[in-house]
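Novice: Let chain A serve as the given structure and place chain B with the ligands on it in line with the hints.
Residue-level listing of the chains:
Protein chains: 2
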Amino acid sequence: MVLIILGTFLFMIPAATKDRHHLSLIDALFEATSAVCVTGLAVVDTGTTFTLFGQIVLLLLIQVGGWGFMTSGILMFIILGKKIGIRQRLLLQESLNTFTLQGVIKLVQRVIIITLIIEAIGAVALSIRWSYEMSISKAIYYGIFHSVSAFNNAGFGLEKDSLSIWVGDPTVNIVITSLFILGGIGFFVVADVFEKKNWRKISLHTKITLSFTLLINVVSTLVIFGLEYNNPATLGNLETADKWWAAYFQGVVPRTAGFNSIDISQMNLSSLVYMMGIMFIGASSGSTGGGIKVTTFALLIFALWSVLANKEDINIFKRRIPKPLVYRALSIAVSGVLFNFFIFFLLTITEKGTDMSLIAFETVSAFATVGMSAGLTMDLSTYGKILITIMMFIGRVGPLTMAFALAVHSQNKANIRYPEEKILIG
Amino acid sequence: MVLIILGTFLFMIPAATKDRHHLSLIDALFEATSAVCVTGLAVVDTGTTFTLFGQIVLLLLIQVGGWGFMTSGILMFIILGKKIGIRQRLLLQESLNTFTLQGVIKLVQRVIIITLIIEAIGAVALSIRWSYEMSISKAIYYGIFHSVSAFNNAGFGLEKDSLSIWVGDPTVNIVITSLFILGGIGFFVVADVFEKKNWRKISLHTKITLSFTLLINVVSTLVIFGLEYNNPATLGNLETADKWWAAYFQGVVPRTAGFNSIDISQMNLSSLVYMMGIMFIGASSGSTGGGIKVTTFALLIFALWSVLANKEDINIFKRRIPKPLVYRALSIAVSGVLFNFFIFFLLTITEKGTDMSLIAFETVSAFATVGMSAGLTMDLSTYGKILITIMMFIGRVGPLTMAFALAVHSQNKANIRYPEEKILIG
Ligand SMILES: [K+]
Ligand SMILES: [K+]
Numbered sequence: 010m011v012l013i014i015l016g017t018f019l020f021m022i023p024a025a026t027k028d029r030h031h032l033s034l035i036d037a038l039f040e041a042t043s044a045v046c047v048t049g050l051a052v053v054d055t056g057t058t059f060t061l062f063g064q065i066v067l068l069l070l071i072q073v074g075g076w077g078f079m080t081s082g083i084l085m086f087i088i089l090g091k092k093i094g095i096r097q098r099l100l101l102q103e104s105l106n107t108f109t110l111q112g113v114i115k116l117v118q119r120v121i122i123i124t125l126i127i128e129a130i131g132a133v134a135l136s137i138r139w140s141y142e143m144s145i146s147k148a149i150y151y152g153i154f155h156s157v158s159a160f161n162n163a164g165f166g167l168e169k170d171s172l173s174i175w176v177g178d179p180t181v182n183i184v185i186t187s188l189f190i191l192g193g194i195g196f197f198v199v200a201d202v203f204e205k206k207n208w209r210k211i212s213l214h215t216k217i218t219l220s221f222t223l224l225i226n227v228v229s230t231l232v233i234f235g236l237e238y239n240n241p242a243t244l245g246n247l248e249t250a251d252k253w254w255a256a257y258f259q260g261v262v263p264r265t266a267g268f269n270s271i272d273i274s275q276m277n278l279s280s281l282v283y284m285m286g287i288m289f290i291g292a293s294s295g296s297t298g299g300g301i302k303v304t305t306f307a308l309l310i311f312a313l314w315s316v317l318a319n320k321e322d323i324n325i326f327k328r329r330i331p332k333p334l335v336y337r338a339l340s341i342a343v344s345g346v347l348f349n350f351f352i353f354f355l356l357t358i359t360e361k362g363t364d365m366s367l368i369a370f371e372t373v374s375a376f377a378t379v380g381m382s383a384g385l386t387m388d389l390s391t392y393g394k395i396l397i398t399i400m401m402f403i404g405r406v407g408p409l410t411m412a413f414a415l416a417v418h419s420q421n422k423a424n425i426r427y428p429e430e431k432i433l434i435g
Numbered sequence: 010m011v012l013i014i015l016g017t018f019l020f021m022i023p024a025a026t027k028d029r030h031h032l033s034l035i036d037a038l039f040e041a042t043s044a045v046c047v048t049g050l051a052v053v054d055t056g057t058t059f060t061l062f063g064q065i066v067l068l069l070l071i072q073v074g075g076w077g078f079m080t081s082g083i084l085m086f087i088i089l090g091k092k093i094g095i096r097q098r099l100l101l102q103e104s105l106n107t108f109t110l111q112g113v114i115k116l117v118q119r120v121i122i123i124t125l126i127i128e129a130i131g132a133v134a135l136s137i138r139w140s141y142e143m144s145i146s147k148a149i150y151y152g153i154f155h156s157v158s159a160f161n162n163a164g165f166g167l168e169k170d171s172l173s174i175w176v177g178d179p180t181v182n183i184v185i186t187s188l189f190i191l192g193g194i195g196f197f198v199v200a201d202v203f204e205k206k207n208w209r210k211i212s213l214h215t216k217i218t219l220s221f222t223l224l225i226n227v228v229s230t231l232v233i234f235g236l237e238y239n240n241p242a243t244l245g246n247l248e249t250a251d252k253w254w255a256a257y258f259q260g261v262v263p264r265t266a267g268f269n270s271i272d273i274s275q276m277n278l279s280s281l282v283y284m285m286g287i288m289f290i291g292a293s294s295g296s297t298g299g300g301i302k303v304t305t306f307a308l309l310i311f312a313l314w315s316v317l318a319n320k321e322d323i324n325i326f327k328r329r330i331p332k333p334l335v336y337r338a339l340s341i342a343v344s345g346v347l348f349n350f351f352i353f354f355l356l357t358i359t360e361k362g363t364d365m366s367l368i369a370f371e372t373v374s375a376f377a378t379v380g381m382s383a384g385l386t387m388d389l390s391t392y393g394k395i396l397i398t399i400m401m402f403i404g405r406v407g408p409l410t411m412a413f414a415l416a417v418h419s420q421n422k423a424n425i426r427y428p429e430e431k432i433l434i435g
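For the record, the sequence lines run as chains A and B.
Each position in the first sequence, counted from 1, maps to that position plus 9 in the working numbering.
Each position in the second sequence, counted from 1, maps to that position plus 9 in the working numbering.
Treat the hints loosely; a few may be bogus.
As the list claims (entries may be wrong) - List time: in silico DMTMM-like cross-link candidates among lysine to aspartate or glutamate, alpha-carbon distance up to 25 Å: (1) LYS332(B) with ASP322(A); (2) LYS169(B) with ASP54(B); (3) LYS216(B) with GLU204(B); (4) LYS27(B) with GLU168(B); (5) LYS320(B) with GLU321(A); (6) LYS216(A) with GLU321(A); (7) LYS320(B) with ASP322(A); (8) LYS361(A) with ASP272(B); (9) LYS27(B) with ASP388(B); (10) LYS115(B) with GLU204(B); (11) LYS27(A) with ASP54(A); (12) LYS27(A) with ASP170(A); (13) LYS169(A) with ASP251(A); (14) LYS332(A) with GLU321(B); (15) LYS320(A) with GLU321(B); (16) LYS27(B) with ASP54(B); (17) LYS332(B) with GLU321(A); (18) LYS332(B) with GLU321(B); (19) LYS394(B) with GLU168(B); (20) LYS361(A) with ASP364(B); (21) LYS394(B) with ASP364(B); (22) LYS216(B) with GLU321(B); (23) LYS394(A) with ASP364(A); (24) LYS394(A) with GLU168(A); (25) LYS361(B) with ASP388(B); (26) LYS216(A) with GLU204(A); (27) LYS332(A) with ASP322(B); (28) LYS169(A) with GLU248(A); (29) LYS320(A) with ASP322(B); (30) LYS361(B) with ASP272(A); (31) LYS169(B) with ASP388(B); (32) LYS394(A) with ASP54(A); (33) LYS169(A) with GLU142(A); (34) LYS361(B) with ASP364(A); (35) LYS327(A) with GLU204(A); (36) LYS169(B) with ASP364(B).
Calculated directly from the structure, the hints in this document are not laboratory data.
Quantities reported herein were computed from a predicted structural model and do not represent experimental measurements.
The following block holds chain A by itself, in its conformation from the complex:
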């Protein structure tokens, strides 16, 4: 919150913007929220509007926002760990040392260092690639900016049409996607894999995250390839290899980096709908990505399956999932749908006359902190900008946490338990 206000203030000072492209309060607030929540939706064009100073402020907001995302996730996990089984606690203590204030500080330091190392590697790779087609200093700056933006799943770019120029470029495709997939998979998973190096030893959380991430990414690449194959405005006129690069990039990017290498506004409605689905699912817990999270989605699928198979327990990879967790996953999904529906409904009022698909896409993109747009962002009305700003914030802190914070915490006066009574549903 403090960070968003600070960012808003910095974006409003004249030095941040070129040629007196002075930002209004709401635009500055929008951009600051978008950066801190690593969403990447932009009401102004980053490259042409902001000065170098403005761009660096943007990048710092992204980085601090991304760190906040990751460390708060880890802290949640540690706190969660206090209440769980011995095996789990040992696992955590192994990878995170002991749970002391010192341990936490050490951990945060470690997150920061690993982040900087990964980003540096990404920046070097990108700078070398780009030095072939631009001046060295510009290539280095581009490399750093895009590397930080990608690893933090922010999705801000410097070119007007994101990464479309490099649609078939293997280096850019591989480096950028590796960065945001790593960032989106979460620190805990990366650390877990790095330390265990063995499928049987890694935690259930890591197993689910890895298998579902892989599954969704493969399916998404195939779906986008199939749906856009004949669309002349997107994949249609590309060569076969470039088609695959573009389908892969656009298939994995909605979770939840938000760059684009083809023109999203020209994609088929079916592709947009598919992307809304995977944007809603999002990345993994304790990462720089948003959405309801892959693990939540995995629990939903397994929970429904166990209801259908008439099984009492919900088992994944030979582990039983605690009932309260399943209950929480269902609540997260339902509250996510409700929040999206409500904000979307309000936007259809404020953005009267706009095509439904644009509004729906924008809503889900903001919720999941994806930041892709089918073209609406810059045309939003003031009320629309406020709604999307609120949505980015809700998406950042999570719908359930948000609703929790808003709710009145009524005390259970005494412990009256009412008699049970069934009702007929469904």
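Specialist: Same frame as chain A, now just chain B with the ligands:
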């Protein structure tokens, strides 16, 4: 199922359709499914396509479909009742006599008789009203057809634009809405109220159904009134009294009768989105209406509330709701959203080039067996018709039941309980 096949066959014989408007297999199947599932979506215009014979077949399918809806709901409740508390069982036994085969037959008879009485009253009222502007025989036929169609929440009409001619007519508005609200509230609730006549004595199910139905209907009337007030193609050019009638009618009709008194295709996107929401919620359990049901929705709201208020129990009207029921309600909602998303996604592929709002509205309308259309039904492709037919069927039997029927019932081989392990979600 048998009924749908029989209906398809009857619609295909030449005597059913006028002037050799011979129906194709898929159109006949669509119409029969729409009638038996009391959805009311139509690929052909009922009044001008079907002969009197065809229309009577349609009406019989609606009536038998409606009875199936109601009695299966009651049977479910009785079966449910076997496992529940003494108080509840007494309540049920009181209102439904004893649970014997004889009792069931008696009950079904009672449902049929009450249905016919209510429909007769409705038909007489409508016939008298319409006798002022058409021949007596036509008025009687119109009265019977619309009364049956309304009470069973089918939503088939005989005029090309449903009930738009009578948009401001108090008699038509009151009779039709009373019929479908009664039908949509369910036999159990009607019987419960009729026998107890006292708020404190009626069952929790009845209390929740009545209060939420009233709440949603009042809110919907106000929302439609507000959103469409200035729309010249809908409410804008009507007089104030007619505005209220039309807003009331169009506010309560999406749950889930499916008539219309104003042109739905001309309504604002925000109204369509709002209506999709209340269509999805639908009517009450064991009624002629569809959707996830008001009681399911009520449980969702209270469940989320109890999560937020950090309460262990979910209490409504001083009764505690059993946890498995809440779990089931969340599962119904999630599977409903998944089914809608999946069919909607497939429709965006088969109906390429169609506006998203039309497809989304059509999907939810079929799912909730509402039968309102923003204009797409008659333009559907063959694959689209098949998808909507499937959706009407899913909506009729309920998403969870449907998925249940489709799922492989894997046996729990022995009773291995895996060790519990938490994962991080949301
Ligand atoms: K993003
Ligand atoms: K209907």
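Novice: Hints first: check each against the structure and report whether it holds.
Specialist: Okay, the hints, checked on the actual structure:
A C-alpha spacing of about 15 Å is found between LYS332(B) and ASP322(A), which places the hinted pair at or below 25 Å, so the restraint holds. Taken as a hint, the LYS169(B) and ASP54(B) pair is honoured in the structure, with Cα atoms around 7 Å apart against an allowance of 25 Å. Our distance criterion of 25 Å between C-alpha atoms is met by LYS216(B) and GLU204(B), whose separation comes to about 14 Å. Under the criterion of a C-alpha separation no larger than 25 Å, the hint pairing LYS27(B) with GLU168(B) is consistent with the structure, at around 16 Å.
Simply put, LYS320(B) and GLU321(A) have alpha-carbon atoms about 24 Å apart, close enough for the 25 Å limit, and the pair holds. Restraint check: the Cα-Cα separation between LYS216(A) and GLU321(A) comes to about 22 Å, which is no more than 25 Å; the hinted pair holds. A distance of roughly 24 Å separates the Cα atoms of LYS320(B) and ASP322(A); the hinted pair therefore holds under the 25 Å criterion. Straight-line distance between C-alpha atoms of LYS361(A) and ASP272(B) comes to about 18 Å, which keeps the hinted pair within the 25 Å bound.
Among the hinted pairs, LYS27(B) with ASP388(B) is consistent with the structure: their alpha-carbon atoms are about 21 Å apart, no more than 25 Å. Using a Cα cut-off of 25 Å, the hinted pair LYS115(B) and GLU204(B) holds, with the two alpha carbons roughly 17 Å apart. As the CA atoms of LYS27(A) and ASP54(A) are separated by approximately 11 Å, the hinted pair is consistent with the 25 Å bound. Restraint check for LYS27(A) and ASP170(A): the C-alpha separation of about 19 Å stays at or below 25 Å, so the hint holds.
In summary, the hint linking LYS169(A) to ASP251(A) is supported, as the alpha carbons are separated by about 21 Å, within the 25 Å threshold. The suggested pairing of LYS332(A) with GLU321(B) holds, with an alpha-carbon distance near 13 Å, which does not exceed 25 Å. Using a Cα cut-off of 25 Å, the hinted pair LYS320(A) and GLU321(B) holds, with the two alpha carbons roughly 24 Å apart. At roughly 11 Å between alpha-carbon atoms, LYS27(B) and ASP54(B) fall within 25 Å of each other, so this suggested pair holds.
About 13 Å separates the Cα atoms of LYS332(B) and GLU321(A), which keeps this hinted pair within 25 Å; it holds. Of the pairs offered as hints, the one joining LYS332(B) and GLU321(B) holds, with about 10 Å between alpha carbons and a cut-off of 25 Å not exceeded. Distance restraint check for LYS394(B) and GLU168(B): the Cα-Cα separation of roughly 22 Å lies within the 25 Å cut-off, and the hinted pair is therefore satisfied. Straight-line distance between C-alpha atoms of LYS361(A) and ASP364(B) comes to about 15 Å, which keeps the hinted pair within the 25 Å bound.
Taking the CA atoms of LYS394(B) and ASP364(B), the gap is about 17 Å. The hint holds against a cut of 25 Å. The hinted pair formed by LYS216(B) and GLU321(B) meets the criterion: a straight-line CA distance of about 22 Å does not exceed 25 Å. With a C-alpha separation of about 17 Å, the suggested pair LYS394(A) and ASP364(A) falls inside the 25 Å cut-off, and the hint holds. Proximity of LYS394(A) to GLU168(A) is assessed by CA-CA distance (about 22 Å); at most 25 Å being required, the pair is judged to hold.
The straight-line distance between the Cα atoms of LYS361(B) and ASP388(B) is roughly 12 Å, inside the 25 Å bound, and the hint therefore holds. Only pairs whose Cα atoms come within 25 Å are accepted, and LYS216(A) paired with GLU204(A) is accepted, the gap being roughly 14 Å. Between LYS332(A) and ASP322(B), the direct Cα distance comes to roughly 15 Å. Compliance with the 25 Å bound is thereby established for this hinted pair. At roughly 23 Å between alpha-carbon atoms, LYS169(A) and GLU248(A) fall within 25 Å of each other, so this suggested pair holds.
Of the pairs offered as hints, the one joining LYS320(A) and ASP322(B) holds, with about 24 Å between alpha carbons and a cut-off of 25 Å not exceeded. A distance of roughly 18 Å separates the Cα atoms of LYS361(B) and ASP272(A); the hinted pair therefore holds under the 25 Å criterion. Taken as a hint, the LYS169(B) and ASP388(B) pair is honoured in the structure, with Cα atoms around 16 Å apart against an allowance of 25 Å. Proposed proximity of LYS394(A) and ASP54(A) is supported: the alpha carbons are some 15 Å apart, at most 25 Å.
As the CA atoms of LYS169(A) and GLU142(A) are separated by approximately 17 Å, the hinted pair is consistent with the 25 Å bound. Distance hint between LYS361(B) and ASP364(A) is fulfilled; the C-alpha atoms sit about 15 Å from each other, no more than 25 Å. About 22 Å separates the Cα atoms of LYS327(A) and GLU204(A), which keeps this hinted pair within 25 Å; it holds. Pair hint LYS169(B) plus ASP364(B) holds up; C-alpha atoms about 23 Å apart against a cutoff of 25 Å.
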